[in-house]
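Enquirer: So you can see what is in the structure, the chains are spelled out below.
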Amino acid sequence: MLNSILIPVISLTITALVLGVSIVLVSKKFHVDEDPLIEAVTKLLPGANCGACGQPGCAQFAATLVETRDPDLTCPTISADVNEQIGALLGMELSATKPVVCVVKCQGTNAVSKLTADYHGIMDCWAAKQAFHGTKVCPYACLGLGSCLSACNYDAMRIVDGIVEILEENCVGCGLCVKECPVSVLELQEKKPDRYFVACSSTDKGGATRKYCEVGCIGCKKCEKACPVEAITVDNFCAVIDQSKCTSCGECIEVCPTHSIVLTKDNII
Amino acid sequence: MRTFKRGGIHPPENKITADAQIETLPTPDVLTVLLSQHLGKPAKPIVKKTELVKKGQRIAEADGFISAHVHAPTSGKVTAIDQRSPSPGGQYSQAIVIEADGQEEWADGLNADVDYASLSRDEKLGKIQDAGIVGMGGAGFPAHVKLNPPKDKKIDTLILNGAECEPFLTPDYRLLIEEPEKILKGLEIVASLFDEDIKVYIGIEQNKPQAIRIMTEHSKGTPFEVVPLKTKYPQGSEKQLINSLTGRTLSVGQLPFDVGCLVHNIATIYAIYEAVAKNKPLIERVLSVSGMSIQNAKNLRATLGTRITDIVDYCGGLKDEINQLIVGGPMMGKSQYTLEVPITKTTSGILLINNKELDSLREMACIRCGKCIDVCPQGLQPWRFVDLAQNRRTDEIPVNMLNDCMECGSCTFVCPARRDIVHWIKYAKAMNARRKG
Numbered sequence: 023m024l025n026s027i028l029i030p031v032i033s034l035t036i037t038a039l040v041l042g043v044s045i046v047l048v049s050k051k052f053h054v055d056e057d058p059l060i061e062a063v064t065k066l067l068p069g070a071n072c073g074a075c076g077q078p079g080c081a082q083f084a085a086t087l088v089e090t091r092d093p094d095l096t097c098p099t100i101s102a103d104v105n106e107q108i109g110a111l112l113g114m115e116l117s118a119t120k121p122v123v124c125v126v127k128c129q130g131t132n133a134v135s136k137l138t139a140d141y142h143g144i145m146d147c148w149a150a151k152q153a154f155h156g157t158k159v160c161p162y163a164c165l166g167l168g169s170c171l172s173a174c175n176y177d178a179m180r181i182v183d184g185i186v187e188i189l190e191e192n193c194v195g196c197g198l199c200v201k202e203c204p205v206s207v208l209e210l211q212e213k214k215p216d217r218y219f220v221a222c223s224s225t226d227k228g229g230a231t232r233k234y235c236e237v238g239c240i241g242c243k244k245c246e247k248a249c250p251v252e253a254i255t256v257d258n259f260c261a262v263i264d265q266s267k268c269t270s271c272g273e274c275i276e277v278c279p280t281h282s283i284v285l286t287k288d289n290i291i
Numbered sequence: 426m427r428t429f430k431r432g433g434i435h436p437p438e439n440k441i442t443a444d445a446q447i448e449t450l451p452t453p454d455v456l457t458v459l460l461s462q463h464l465g466k467p468a469k470p471i472v473k474k475t476e477l478v479k480k481g482q483r484i485a486e487a488d489g490f491i492s493a494h495v496h497a498p499t500s501g502k503v504t505a506i507d508q509r510s511p512s513p514g515g516q517y518s519q520a521i522v523i524e525a526d527g528q529e530e531w532a533d534g535l536n537a538d539v540d541y542a543s544l545s546r547d548e549k550l551g552k553i554q555d556a557g558i559v560g561m562g563g564a565g566f567p568a569h570v571k572l573n574p575p576k577d578k579k580i581d582t583l584i585l586n587g588a589e590c591e592p593f594l595t596p597d598y599r600l601l602i603e604e605p606e607k608i609l610k611g612l613e614i615v616a617s618l619f620d621e622d623i624k625v626y627i628g629i630e631q632n633k634p635q636a637i638r639i640m641t642e643h644s645k646g647t648p649f650e651v652v653p654l655k656t657k658y659p660q661g662s663e664k665q666l667i668n669s670l671t672g673r674t675l676s677v678g679q680l681p682f683d684v685g686c687l688v689h690n691i692a693t694i695y696a697i698y699e700a701v702a703k704n705k706p707l708i709e710r711v712l713s714v715s716g717m718s719i720q721n722a723k724n725l726r727a728t729l730g731t732r733i734t735d736i737v738d739y740c741g742g743l744k745d746e747i748n749q750l751i752v753g754g755p756m757m758g759k760s761q762y763t764l765e766v767p768i769t770k771t772t773s774g775i776l777l778i779n780n781k782e783l784d785s786l787r788e789m790a791c792i793r794c795g796k797c798i799d800v801c802p803q804g805l806q807p808w809r810f811v812d813l814a815q816n817r818r819t820d821e822i823p824v825n826m827l828n829d830c831m832e833c834g835s836c837t838f839v840c841p842a843r844r845d846i847v848h849w850i851k852y853a854k855a856m857n858a859r860r861k862g
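Protein sequence lines, in the order shown, are assigned to chains V and W. Mapping to the working numbering: the first sequence position 42 is 64, numbers consecutive. Mapping to the working numbering: the second sequence position 358 is 783, numbers consecutive.
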């Protein structure tokens, strides 16, 4: 009776001891020195593995940064503070991050944009695109079925009234949604205290745009004339504001007849 | 009786226009001729705005190997070249808008009898190419490409596809009854393009006894064999019809010419006859106007480019509210949002339906019953494709399996959870195409 307990206990203990010791020895022998910096840098990163920096994920970003010490390799989603902290860890000056935010170049909610039909298919923009471009007449409009939502890791988007809305406090500007949009209404813009942009991407002639949307850019060039610093150009019946020239004076928004120019106030951390 | 081995379903037939004689629809005043009426690249317009065109004149040229010419369906004036015209395929495409002058004046050399027996093979193929003929069953594959398979593939069987398995549609059936001689002559022309010992089958489903009788009578003394087929959807699909008639099975990724077969639709054969023997380009076709919401369901011979609204007017208008307009059959057709859509070379029917269940149809979770696998005529696992597509993992679906699905809709028809299986598969195909380029 005693034997049947003692023998397994002793034999298992011996096996465990032998294996344990050998594991310790092997781990000592084959130890790989990893730079502790990599882990420190990784801890400062958001950890969403969004790929906006061009690396497969945050850990790989940290490893590449520590290895190459490339000052231009920065994470576009972190604030200037964190960027400085990373620079301090590495003992070098990193180039400043340019905080960007995603904008929707469309205001065509179901209320103001003309609709063609009820859509009964799969709720995905790419699927709807096969059936006459979804339900909006405007071929440039946000389809509002949320392919971008499935790409967003930061919970920074929602669909309101048939159009996508960006929650700017959550958006870090990783740009994953931009790649996912079948009609390219999403764009990354640099953050500014007062940012004016044209929330329309229709390149149809003014008359055509008017027919299907109340808030579309009709290419009337009023803003182009009103702009004191020549930051606005109207190309292909759609105005574009050059953010590097724009002084945020607000003249354009005053003259726009269709209210397609929008003002956003960004929080810059 | 012969039929294909794997899968298949029996949807209600609803062939309400089966006894309606083909009527000729008067050419409307304005025609919208789409430049993408076929598979492949859209044709390139070769006329300008305000130019006068004659009936049958070529107005757009094939762009590339897999593409087809487009012809003016009537004489008149080009009033616009519309860049974004809705096409029944669910896309927007370029279109030439023609205002008819009512003269119906043919271009030189067209609509004349030709002594086609003396033509060589290349001359016949050239005529078919010039006439812009495409597969008129629905896919729209250019006929001259299909009739000219690679040299190393020997075609030993020619099949005339008279299955017409889609519910509601009857244009092929009416053509078989009303124009059997022309169809047989067309078949002779196509058979003459190949070896002399080619076997020719005319496959007709058994639910069309009149067509079987008429074709059997007319094909007496010819080498063509009329074969009645056991009714099952999708018998009219190329691969299934080959399996029904010859017993050959196409493995994943194979095309009909890989097993020595060539399948042509009745409307296409009729168009080939008109092109070779009458020098008529493809500018009109027979189609069914059907569904519960149209006043008088009819079979019409309509000019290509006629808008559906003109057709509906001719058929006495709508009976009640409709909430679905489908171009094609109910199984594979596409829903449209406007009656302004013009008909094309591949439009075999128009359905006007008031589907009261439409709003209550909601996709539910897959219950793993396996019905979609049972009915899939291609032996695929549709639920698995949907599963992967829903999780944005379309790259994991084997590409040749996905392409083997011809979107017949059998799986969606039987799915008790009412899942949009075909739409998911189309989505997966679109996503894979997007990833590729």
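For the record, the hints were derived by calculation from the structure and aren't laboratory data. Ideal placement from N, C-alpha and C gives every residue a C-beta, glycine not left out. Just so you know, not all the hints are guaranteed correct.
[Claimed, not checked] Derived list of chain W stretches under chain V, where covered just means 3 residues or more per stretch with a C-beta under 8 Å from a C-beta of chain V:
(1) 722-728
(2) 792-801
[Said to hold, decoys possible] BS3-like mimics (lysine-lysine), calculated; alpha carbons at most 27 Å apart, straight line:
(3) V/120 - V/267
(4) V/151 - W/624
(5) W/781 - V/227
(6) W/473 - V/151
(7) V/136 - W/781
(8) V/227 - W/474
(9) W/624 - W/578
(10) V/227 - W/469
(11) V/227 - W/502
(12) V/213 - V/244
Enquirer: Next step is simple, just say for each hint if it's right about the structure.
Expert: Hint by hint, here is what the structure shows:
1. 722-728: With 0 residues closer than 8 Å to chain V, the stretch 722-728 of chain W misses the three-residue bar; violated.
2. 792-801: violated (count 0)
3. V/120 - V/267: 16 Å, holds
4. V/151 - W/624: Violated, at about 44 Å.
5. W/781 - V/227: Distance ~39 Å between residue 781 of chain W and residue 227 of chain V Cα, so the pair is violated.
6. W/473 - V/151: Not OK: residue 473 of chain W and residue 151 of chain V at ~30 Å, beyond 27 Å, violated.
7. V/136 - W/781: This hinted pair holds, its Cα atoms lying about 25 Å apart.
8. V/227 - W/474: With Cα atoms ~19 Å apart, residue 227 of chain V and residue 474 of chain W stay inside 27 Å; holds.
9. W/624 - W/578: 16 Å, holds
10. V/227 - W/469: Between residue 227 of chain V and residue 469 of chain W the Cα gap is close to 23 Å, so the pair holds against 27 Å.
11. V/227 - W/502: Holds, at roughly 25 Å.
12. V/213 - V/244: Distance of about 25 Å is within 27 Å: holds.
The earlier numbered hints that this structure contradicts are 1, 2, 4, 5 and 6.
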